[in-house]
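From first to last, the protein sequence lines stand for chains A and B.
All the letters of the first sequence, read from the start, carry residue numbers 1 to 412 under the numbering used here.
All the letters of the second sequence, read from the start, carry residue numbers 1 to 412 under the numbering used here.
Hints may contain errors.
For identical chains, the list gives no copy identity; a pair is met inside one copy or between any two copies.
Listed next, the in silico DSSO-like pairs over lysine-lysine satisfying Cα-Cα at most 27 Å (straight line) [said to hold, decoys possible]:
(1) LYS384 <-> LYS110
(2) LYS365 <-> LYS297
(3) LYS297 <-> LYS384
(4) LYS270 <-> LYS365
(5) LYS297 <-> LYS110
(6) LYS365 <-> LYS384
Just so you know, the hints here were simulated from the structure itself, not pulled from any lab data.
Protein chains: 2
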Amino acid sequence: MSHAEIIAIGSELLTPFRSDTNSLWLTAELNALGIAVRRKTVVGDDELFLEETLRDALRNSPVVITTGGLGPTEDDITRKVVARVTQRPLVLQPDILDRIRHQFESRGLKMAPNNERQALVPRDAEALHNEYGTAPGIVIAEGDRLLILLPGPPREMRPMFTTHVRPRLAPLAGSTRLRTRTLRVAGMGESQVDDLIAPIYTRYTNPTTTILFNNTEVELHFTASAPSDAEAEALLDEVVGQVEQVLGVNVFSHCGETLEQIVGLRLTLKGYTIATAESCTGGLLSKRLTDVPGSSKYFLEGVIAYANEAKTRRLGVPAELIAAHGAVSAEVAEAMATGVKARAGTTIGVGITGIAGPDGGTDEKPVGLVYVGVAGDFIVTHRKFILPGDRDRIRHLASQVALDLVRRTFLL
Amino acid sequence: MSHAEIIAIGSELLTPFRSDTNSLWLTAELNALGIAVRRKTVVGDDELFLEETLRDALRNSPVVITTGGLGPTEDDITRKVVARVTQRPLVLQPDILDRIRHQFESRGLKMAPNNERQALVPRDAEALHNEYGTAPGIVIAEGDRLLILLPGPPREMRPMFTTHVRPRLAPLAGSTRLRTRTLRVAGMGESQVDDLIAPIYTRYTNPTTTILFNNTEVELHFTASAPSDAEAEALLDEVVGQVEQVLGVNVFSHCGETLEQIVGLRLTLKGYTIATAESCTGGLLSKRLTDVPGSSKYFLEGVIAYANEAKTRRLGVPAELIAAHGAVSAEVAEAMATGVKARAGTTIGVGITGIAGPDGGTDEKPVGLVYVGVAGDFIVTHRKFILPGDRDRIRHLASQVALDLVRRTFLL
Numbered sequence: 001m002s003h004a005e006i007i008a009i010g011s012e013l014l015t016p017f018r019s020d021t022n023s024l025w026l027t028a029e030l031n032a033l034g035i036a037v038r039r040k041t042v043v044g045d046d047e048l049f050l051e052e053t054l055r056d057a058l059r060n061s062p063v064v065i066t067t068g069g070l071g072p073t074e075d076d077i078t079r080k081v082v083a084r085v086t087q088r089p090l091v092l093q094p095d096i097l098d099r100i101r102h103q104f105e106s107r108g109l110k111m112a113p114n115n116e117r118q119a120l121v122p123r124d125a126e127a128l129h130n131e132y133g134t135a136p137g138i139v140i141a142e143g144d145r146l147l148i149l150l151p152g153p154p155r156e157m158r159p160m161f162t163t164h165v166r167p168r169l170a171p172l173a174g175s176t177r178l179r180t181r182t183l184r185v186a187g188m189g190e191s192q193v194d195d196l197i198a199p200i201y202t203r204y205t206n207p208t209t210t211i212l213f214n215n216t217e218v219e220l221h222f223t224a225s226a227p228s229d230a231e232a233e234a235l236l237d238e239v240v241g242q243v244e245q246v247l248g249v250n251v252f253s254h255c256g257e258t259l260e261q262i263v264g265l266r267l268t269l270k271g272y273t274i275a276t277a278e279s280c281t282g283g284l285l286s287k288r289l290t291d292v293p294g295s296s297k298y299f300l301e302g303v304i305a306y307a308n309e310a311k312t313r314r315l316g317v318p319a320e321l322i323a324a325h326g327a328v329s330a331e332v333a334e335a336m337a338t339g340v341k342a343r344a345g346t347t348i349g350v351g352i353t354g355i356a357g358p359d360g361g362t363d364e365k366p367v368g369l370v371y372v373g374v375a376g377d378f379i380v381t382h383r384k385f386i387l388p389g390d391r392d393r394i395r396h397l398a399s400q401v402a403l404d405l406v407r408r409t410f411l412l
Numbered sequence: 001m002s003h004a005e006i007i008a009i010g011s012e013l014l015t016p017f018r019s020d021t022n023s024l025w026l027t028a029e030l031n032a033l034g035i036a037v038r039r040k041t042v043v044g045d046d047e048l049f050l051e052e053t054l055r056d057a058l059r060n061s062p063v064v065i066t067t068g069g070l071g072p073t074e075d076d077i078t079r080k081v082v083a084r085v086t087q088r089p090l091v092l093q094p095d096i097l098d099r100i101r102h103q104f105e106s107r108g109l110k111m112a113p114n115n116e117r118q119a120l121v122p123r124d125a126e127a128l129h130n131e132y133g134t135a136p137g138i139v140i141a142e143g144d145r146l147l148i149l150l151p152g153p154p155r156e157m158r159p160m161f162t163t164h165v166r167p168r169l170a171p172l173a174g175s176t177r178l179r180t181r182t183l184r185v186a187g188m189g190e191s192q193v194d195d196l197i198a199p200i201y202t203r204y205t206n207p208t209t210t211i212l213f214n215n216t217e218v219e220l221h222f223t224a225s226a227p228s229d230a231e232a233e234a235l236l237d238e239v240v241g242q243v244e245q246v247l248g249v250n251v252f253s254h255c256g257e258t259l260e261q262i263v264g265l266r267l268t269l270k271g272y273t274i275a276t277a278e279s280c281t282g283g284l285l286s287k288r289l290t291d292v293p294g295s296s297k298y299f300l301e302g303v304i305a306y307a308n309e310a311k312t313r314r315l316g317v318p319a320e321l322i323a324a325h326g327a328v329s330a331e332v333a334e335a336m337a338t339g340v341k342a343r344a345g346t347t348i349g350v351g352i353t354g355i356a357g358p359d360g361g362t363d364e365k366p367v368g369l370v371y372v373g374v375a376g377d378f379i380v381t382h383r384k385f386i387l388p389g390d391r392d393r394i395r396h397l398a399s400q401v402a403l404d405l406v407r408r409t410f411l412l
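Excised from the complex, chain A in its bound form:
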């Protein structure tokens, strides 16, 4: 398989505040073409380091892609350093200069003299049109090496890659096709999943299997390479099929959808409606349900009842029930679900009550204790969880287990 290196250029990427995300997008695109990424480098606006990094990359990899450093200011050194490394003087291209000047004029602005720099292109290199900005991209063929310079802003870089670079790389991919598949799993931890599926995936080197724990759920990525898409898909089918079988209903998504998308899809298909009653999650469950476009078809209303008094007034949870069992209890979770379902007139009601911390925990009811209640026309039930982590993580996990309980109770 052919391989590439990616170099991100810009001093802001060497601060604690910003990371290079372009390379993740580029990696997905390259992989889809059957090109693996073997090294990624971040350098600042620093001629010495950029020069050495470029030389190393061109020595080791047939495809080298840089992002950033093509702007109009002194800091933007990519063009200059590339000219030196490839021993090609920079030549001013009048047609590019005209286009840049025109882009400014069409917005009623005068081009600053600085921007002339952006019309400089190394000799015998090809400029790539930038539809969404002034900096053109550049492609240089150095013997059997391809050096591709792209602008840093994703909204300029991505369309430029898609339109101009992808067609040029496709022939390099040769005969290898890469296909990926993603499964998402709820209700199980990373090591639990691994124990179950390791006997399957360790028997295969193709596809490769990656297990990620994404804060709240286990994600399984499978990548197969083969001479054709169909053969790669067949390799995936073989392994993913076995994995799906041992994980059963714990797999909630087979094409990378989120849990809220799956719940929304199934609610729509069944014609169900849902209302939420939240305490410790403070709106997060409703927020996730309404993240999905079109959710107004099934999500009718939600109540965040932080104060006990609000649980009684807004949801009809009897004050005596709260007094008898405490606000964080199975009884109150079920009463919240029943109450919000009755008042909203929905098919399903879901209630969450718990202790997200950092304060408020006791020996009997520790931080992380969460009860989820669900109510339908013929069933009212609950589950108890002790969730790990800090406030943020507990709240996110609580919204996840609530969505998953709705899925398992009403939507399988």
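Place chain B on chain A using the hints.
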């Protein structure tokens, strides 16, 4: 100033699914010691590339830190490659082996033979105790170069850096101290902020100024270097003071706090309480308010009224008002705020109604149109916004402008 390179090792970091975040944390730590990061590299479990990357780094930088690749499996090649690059054979250290075996036994497990590898340390190198895992870190002094190998998992890497590495690097920092400060700005775009403050910060090369647009707000980072903390702070005071003056109340946070933290802090100080009524944000405003530990003191309840009927029943918004002006209108936003305030009995009520898209927009009321209403004891008012971006961004921006309107109306 001294400088460092960071190398992240692991094939999973060369997939589209995962990025190296250790280097951001390490950069903050190194910067605090007065050490700049000049290059970051990600390589896979790939001996050839790792070897070359290590050689280049040691040639160019006095401090080289690697993360990852110290595990017990065949894939974990860091020790082996470092031994080759530094020409130091790997020596089995019996005391480390005992400790690893003991760590397994204390959890009732038997050590797998693989784990013996983790007790291999290059000759004359120093092993660093790993309190939270089995892989020890390694420090090698190569002439005037310091090569530091750390494990990949953040919960192992961070305490190891803090306990063992930081004290070793402190002398390298020499006489330079680095101090940073962060301002956050609401209600202004990136270029608006830049127009106002560029005349200030461009007059200084120290501190450096970085402007970031963080999806919903502008963040300003200032970094000053000086022989002492006090001098660095004085440099910051000079520039940041001028910037604060021109930006005025648009600066909502001076120490990096989030907008919801600032709103929560001011609500607490004033003894105010708040309730929310949300439509298009679907719970996100309440979620952000309750992200803050201790928010139950001021956040009493929230209602997500997606359906018009819920706006009337839950919030007392007159059906005629909705019929006359539409659900997305200034009148309804104010009525939602007034309604939720009255029913919850809080000091402040806030209402949001808008069109988050992708569907539901019209020529008259386009996607992105959002009204925020706020109600206090003596004032009811609203603001209209046309927010850019996709559904996610519009919802996030809507929650941001709502929090900011609460801040500006009641909390200055």
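So, going through the hints one by one against the coordinates:
no. : hint              : in the structure
1   : LYS384 <-> LYS110 : neither (65 Å within a copy, 33 Å between copies)
2   : LYS365 <-> LYS297 : between (37 Å within a copy, 20 Å between copies)
3   : LYS297 <-> LYS384 : between (30 Å within a copy, 26 Å between copies)
4   : LYS270 <-> LYS365 : neither (37 Å within a copy, 31 Å between copies)
5   : LYS297 <-> LYS110 : neither (49 Å within a copy, 54 Å between copies)
6   : LYS365 <-> LYS384 : within (11 Å within a copy, 44 Å between copies)
When the structure is compared with the earlier hints, violations turn up for hints 1, 4 and 5 and for no others.
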